[in-house]
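Protein chains in written order, with the working numbering: chain A, 1 to 765; chain B, 1001 to 1765.
No lab work stands behind these hints: they were computed from the structure. Some hints could be false.
As the list claims (entries may be wrong) - List of simulated lysine-lysine pairs, DSS-like, C-alpha gap at most 30 Å:
{"no.": "1", "chain 1": "A", "residue 1": "K31", "chain 2": "B", "residue 2": "K1271"}
{"no.": "2", "chain 1": "B", "residue 1": "K1537", "chain 2": "A", "residue 2": "K584"}
{"no.": "3", "chain 1": "A", "residue 1": "K271", "chain 2": "B", "residue 2": "K1019"}
{"no.": "4", "chain 1": "A", "residue 1": "K269", "chain 2": "B", "residue 2": "K1019"}
2 protein chains.
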Amino acid sequence: MESNEMIGTSVPRIDAFEKVTGRAIYGTDLKLPGMLYAKVLRSPLPHARVLHVDTSRAERLPGVRAVATGRDLMVRYGVVIQDQPPYAFDKVRYIGDPVAGVAAVDPDTAEEALQLIRVDYEEIPAVFDPLEALRPGSPLVHEKLDGYWASPIVFPEPGTNICNHFKIRKGDVEKGFRRSEFLTENTFTTPMIQHCHLEPHVAVAKWDPSGQVTLWSSTQHPYTVRREVARLLNLPINRVRVIVPFVGGGFGGKVLVKVEPLCLVLAMKVKNSRPVKLTLTREEEFFASSVRHPTITTIKAGVRKDGSLTALKTRMVFDTGAYADAGPVVARSSGMAITGPYKIPHVWSDSLCVYTNKAVAGAFRGFGVPQLSWAMDSTMDILAEGIGMDPVEFRLKNALEEGDFSATGQVLHSVGVKECIQKAAQAIEWRKKRKKYRGIGFGTLYKMTQTPSSSAALIKVSEDGSVEVLASTVDIGQGSSTVLAQIAAEELGADVGNVRVVSADTNVTPYDHGTASSRSTFHMGNAVKQAAADARKQLFEVAAEQLEVRPEDLESRGGFLYVKGVKGPGTPISAIRMGVTYGKGRPVIGQGTFSVPEATPLDQETGQGALPSIFWLYGAQAVEVEVDPETGKVEILRVVAAHDLGRVINPLNCEQQVEGAVVTGVGIALLEEMVVQDGTPVNRNFRDYRIPTSMDSPEVTSIFVEATHKDGPFGAKGVGEPALAPIAPAIGNAIYHAIGVRIKDLPITPEKVLKALKEKGGKKK
Amino acid sequence: MESNEMIGTSVPRIDAFEKVTGRAIYGTDLKLPGMLYAKVLRSPLPHARVLHVDTSRAERLPGVRAVATGRDLMVRYGVVIQDQPPYAFDKVRYIGDPVAGVAAVDPDTAEEALQLIRVDYEEIPAVFDPLEALRPGSPLVHEKLDGYWASPIVFPEPGTNICNHFKIRKGDVEKGFRRSEFLTENTFTTPMIQHCHLEPHVAVAKWDPSGQVTLWSSTQHPYTVRREVARLLNLPINRVRVIVPFVGGGFGGKVLVKVEPLCLVLAMKVKNSRPVKLTLTREEEFFASSVRHPTITTIKAGVRKDGSLTALKTRMVFDTGAYADAGPVVARSSGMAITGPYKIPHVWSDSLCVYTNKAVAGAFRGFGVPQLSWAMDSTMDILAEGIGMDPVEFRLKNALEEGDFSATGQVLHSVGVKECIQKAAQAIEWRKKRKKYRGIGFGTLYKMTQTPSSSAALIKVSEDGSVEVLASTVDIGQGSSTVLAQIAAEELGADVGNVRVVSADTNVTPYDHGTASSRSTFHMGNAVKQAAADARKQLFEVAAEQLEVRPEDLESRGGFLYVKGVKGPGTPISAIRMGVTYGKGRPVIGQGTFSVPEATPLDQETGQGALPSIFWLYGAQAVEVEVDPETGKVEILRVVAAHDLGRVINPLNCEQQVEGAVVTGVGIALLEEMVVQDGTPVNRNFRDYRIPTSMDSPEVTSIFVEATHKDGPFGAKGVGEPALAPIAPAIGNAIYHAIGVRIKDLPITPEKVLKALKEKGGKKK
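Given only the sequences and the hints, what does the whole structure look like? Please build it.
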C-alpha cells in the first residue's frame, strides 16, 4: 500500500465552489420564515448603576415584538468566570454594555425603538488604566467576584480587580540574575486591537415553549454555546441546538459565548416562536464585541557572556475590560509560554488579568502569545547586543530541544525551533550586507494548545462508498474541512473527492471542545482518523464477506479495495453493499474520540505540573524592512516564515494560514490600535481604524519544518495561530537593525519612529 | 439492577407537546426563503403517446420560473423496477401521469400556467382489467419491460403485463385435494382504496449547481429517496441530502420515491438555487399518488373431517396500475404469507402483479396481507362450516406453532397465534348466545417483515447526561421516536425524559432501510439498543476513572450510576465529565448497526428457501356485529384485537396502533372503494370517498400476546401493520354468523348485504 497518498497534498478546498460562487450561506445571510430583527441598546457610560429601564414607549411602537432588559434573565454566563449577564441588571461596566434589546419586524423599527427606551443611571467612578485598577482602593468592576463560579484553572482575587493571577516560580531568579553578566529590564506595551473578521457577530435564536432552543450562530464554539445556554436557562443540554452556518472569519473573536444570549432573551419573549436575528454593526464590533488585550509587560532578563540565558522575571498585565470572557486563560496561556522557545533555568513570572471599565478583551489568534513574543523577542535582541553576540547564534544557543523542560516543568516533544531559526536566517540571507536604512530582524513563536480538551467524530460510508465526516469543528476560513476530509480519505482509503464534511450542528455532529487554539488538525484530526480506521475495519469486514476473502487480506486506497499481494484493478468501494436491501452487507459508521485529560493541575503558587499542553508549536520569522528616515515609514520588503507544525497535511492550506497571519501581524506591528479616551473607543470603523490591505501585504516565503508529533494524526500539529506572533518583534528588531532605534510600544507608527530617531540623533548605528 | 424499567411502560409520546400545540413543523408547513411553488400537469388520457409538449406560453406567464417536461430528465426511477420517469417522455400510462411541471412564485400562478401548456397525444388502446391485461394480445403498459432493471427478488415477464410472478410449490397440492373430505373454491375481491393520510405528499427540492441536492420530504424512506435521486442524477450518494420534517401520516403511501423527482427537475431549472415545493392536492392524492392494490383471489382449499387442512391452491392477481412502485414486492410479501397462520402440507400459489393503465398501486399498511386475509379467513369459516366444526376450534387445530415451517420452508420462531385466537374468543364471549341479527366472526393475521434489511443508530451522551438518539426512522405518527427513546434509556440506564430522538436527515442520521413493514421497533430498536450498550460501555469507562472504581462494577438506571452492591443514592450521570474542558473525561458516542442479510434467495420456481423473514407477526381478531335486515347496514358492536407483537415496549402506544388500524380496517371492510370508470377514478375527495369517522369507530379491546422473539430488542417484534388485516374477514364471518350470507367482494356495503339477503331469502341461518 502506497502510504499517506492524501497527506502532504495540496487538495483544493472542498468548499471552494460554494464560496467563490457566492452560494455559501453565512450567518449574515440567514433568513427564516417569520424572522424578527434585533437591536441592542448599549450603555453610554463606562460604570453606572442601572436604576430603572422604561421600555413602555418602545413596546408601543408599531412593529416592535419584544423588548428585553436585564430583569428578563438575571443569570450570569461565562465559560471561565460566570460574571456576565445577557443584559445588565445591576450595573453597566463599560461603554457598550447591553442594557436592553428590541425585536421588531425590521432592523429600522428595532433601531427606532431603541431611541424610545429611557434608562436611569447612577454614574459611579470608573477605572480605565489596568495599573490603576490594580491599586488598593480602585473602583471595583465586580464587587462580588467571590460569588461567581470560576474555572478551576484560574485564580481570581476577590476584593480586587484581578480575575486571574498566573504565576511561575521556577528555580531561584535572583540567583540567576546574580550569575548574569548582562542584564536588561524593559517595559513593552501592546494596544487594544480588534479582530476585524469581515462577517460580524450574528446569531438567530428560536425558542419553543416546550423548552427547546435553536441557535444558528456564527461561532467557533458551538458546543460551548450549547452548554452555556443550557446552563443559563437550566435546561438539559440536549434541549439546546446550535447550528453553525458558513462563518466569515473568527480569529478568536467568535469563541465562547458572544451575542447568542442577547437574541435568545428576545426570542423567549416574542410570540409564536418567531426566530430573532441579531447582527452586530461594524461599530458594535469595535466597541462592544471583544478585543485583543492591551498589555503592559515588564521583562527583566540576564545572560552570561557565552550567550546562555540565566534568569527571566516578568510581570504581564492583561487589561481584560469589563468581563472575564477568555481573558483569564489568555493570561495563563501566555504565562505558560513566558520564556519563549528558550531554555531559561530561573523564571519568576506574574501574569495578571485585570478588570477595567473598558471593552471586553478575549481570545485573539495567538491567545496572548503575540503580546509576549513582542516583549520576549525584543528582549532577546537587546541581550544579544549586550553581549555582542549574533542574534541568530544567540537564539540558536538557547533554543529548546527535544526532551527539554518547559517553564511549567513539562518534558517537550516535537521541538523544531532550531531548524526554524536556521532556515529563516538562511532564506532571508542574514549574512548578506544590506543597503542603508535596511535591516533584518527575527522573531519566534512558542505556543501551547488548549489542554485538556476533547474532540469526537463520526464517519458514515454510503452504499456507493461516498463518505460523510461528522465533526463539530467550524471551518472559519482556515480550511479545516479540507484537512479533515484528507485525513478521513487517507485512513479509509477513499477518494478525497468523495468525502463531504458536515458542518457543526450540536444535535447531530459530535462533541468538540471548539475551533480555537490551533487544535483542530491535532484533536479533531485524531478523532477523524480514529473514526475512519473504525469505518475501514467495518468496511473490510463487510467487503470480505462479499469478496470471499479475509478482512485482514484487504487494503484500500483512492476509493478502491485491493487484496494484498494480488495485482489488478481492485474493487471500487461502491461495489460493496453497505446498507442492505437485497443481498448481504451492513451499514458502515465509524466513530472516533480523542481526549487529552488533565494529568496534574498546575500548582497555583509555582505553575509547575505535568502535561499542561499536548503539543507546542514553534516557529521563527525573519523580516527585512526599509525605513524612510524622513517620514518614519517602515516598508516590509520580505518576510520569511519558518514554522514547525509537525507533519504538513495540506501544504497550500498551510501557506494560506501563514500568509494570512503574517498580514495580520504586519497590521498589528505597524497600524492597528483602538484609541480609547476615558473609556470611549474613538476609532470604530474601517476609516479610522486601519487594517492592512493587499497593498500592505509583503512577499512571504513559507518554510515548513516537520517535527512530527508522536500523538498527532500522521504526525501533524497545527498552524492556525503561530505565524501571527513573531512578526511584530521581528519588525521591531529589523528597525533597530536598520536605523538603531528600538520601539517598545506597538504599533510602530511613523510618528514613533521619527520621535525615536530624533531622540537618538537620527543616525544609523 | 431492576431490569427493564423502561420496557412495558406507557411513556407519553416524546413529541406530544410540539404536536398538540401546533408547533411541529410538517412538510406542508415548510417555507424557505425564495421558495417557489410547483404544480403538475397530468395526463387526461389513460394510455397515449406524447408527441409534443408546447410549454412556450406557460414560460412567458409572469411569475413562472421554470417549466419542466419529460425531456428534461429522460431517466427512469424505481426501487423494485426502474420503469417510471419523473415526467412522461415516451407515453402516458394512466390518467394522472405527470406530463409537465411548473414552478412559479405562487401556487395560483403555477396552476394558471398549467392551462397554457399544450400537449399533443396519440391515444392508444388501454387496459384496465387486470385479468384482461394478463391475456395474450392485450395492450402492453410497458413494451420494453426487459430493458428495465429489476430487483433480484422479483420476476417480471417481458412481453406481458406481469411485473412479478411469485410462486409457491410445496408438496403435491392435487394429492392434498384428493385426500380432502371437504373442498371449497371461491373468488374474493378487494377494491382500489386510498391511504388518506391527512398530510398529502409534499417535498421541497433545492439544487446547487455544484452538484448538491437538498430535499425536504414527507417520506417514510429518506435513504431510499437519497439513493434513487443520486442514481437519477448520477451523483455520489453523499451529494443528496434528504431531511424529513414531521410527517402527517403515511400508512405506506410515503414509502419509496413519490413526488421528489417532480419538484427536483423543476429545482434544477430555476435560477439561483431557489427551492421548489410541491404539495399534492387532495384530488391528486386520490388519483395520482398511490393506492392499495385491487385484488382478485381465487382460493381452493381442502380439509379432512377431523379438521386438518390438507391443501391450498391460490391465484392472487394484484392490479398494480401503470408503474411497479412497490407492487411486485407487495405481491411477493402476500404470497409468502399465503397460508395465513395455518399449517397446510400442500400449497400451490401464484401471486401475479399486473400492470394496467390505472393509478399506481404500492405499499399500504399490511403490504398485501389484508387482501389475502380477506380471502383466507373467509375460506377458513367456509371450511369449518363444511365439516361442521367450530371455527375457533378449527383455527386452533391448524394454527402454526413454534418450530413449524412457513410455506416457504422457514422454521418459525415466536409464534403466538394460538394464544391470540384463544384470548380473542374468550374476550368476545364466543360461547355466549347472541341476539337475532347479531353475529361473531374471526379473522387472523400472519405477516412477514422486509428481510433482508439494515438499520443503524448513533447515541450521543451530552456532558450533563442528556442523550440524543440519531436514527433515520421516521415517526409518521406511529410513535417510533418514543419507543426508540425507551429502548435507549433502558439500555443506557438514562432517564427517558432526558432522551431526544433526532429525526431523519440523511447527512447526519445513519442508514435505515425505511419506515415500513412493521420493522422499526425490531430493526432500529436493535440498532439503538446496541448503540446504547456501546455508549454505556464508554460511559462506564469514563465514569470508572472519575469514580475510581472498575467499569465492570458499575450499573446504571434512571439517569444514575450505582456501584454494584453499594447502597446509596448513586451518582447522577450528569456528574460524569463527558466532554473535556477541565479535568478528566471524554465524549461518549455509541454506535449500533443491525442487519439481516439475505441467506438463500427463494427459489424462483418453488418459493422455497431459508430466512425469508426475520420475524413474523401473528394476531386474531373477533368482531361482534349487528345487521339491520331492512337496510343492510352493518353495525360493529365490538372488536377484540389480540396480537402477538413480541415483548411490548409501550403498551399505550401499541393500543393506539391497534385502535388506529382497526378503524382503518372497518373503513376497508365497510366503506372504502375508489370507483374507476374507464381508467378514471370517479370519487376523488372526502365527500365522495368515505373513510370512518369517530362515529364509525367501534369499541376496541386490545390484548397483547408477548411471544418474545430471541432476536428482538428486549424480545419485541412490531405492531405497525397487523391490526388492519383481520378485521375485514372477521366482519365478513360475523355477518355470515348473524344472517347467513357471505359477501366475497369488499367493501361490504348495505346494498351488497341486502342483495345477498334477497338471494338467500332474507332468513337468518
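Would you pick out the hints that fail for this structure and give their numbers low to high?
-> none
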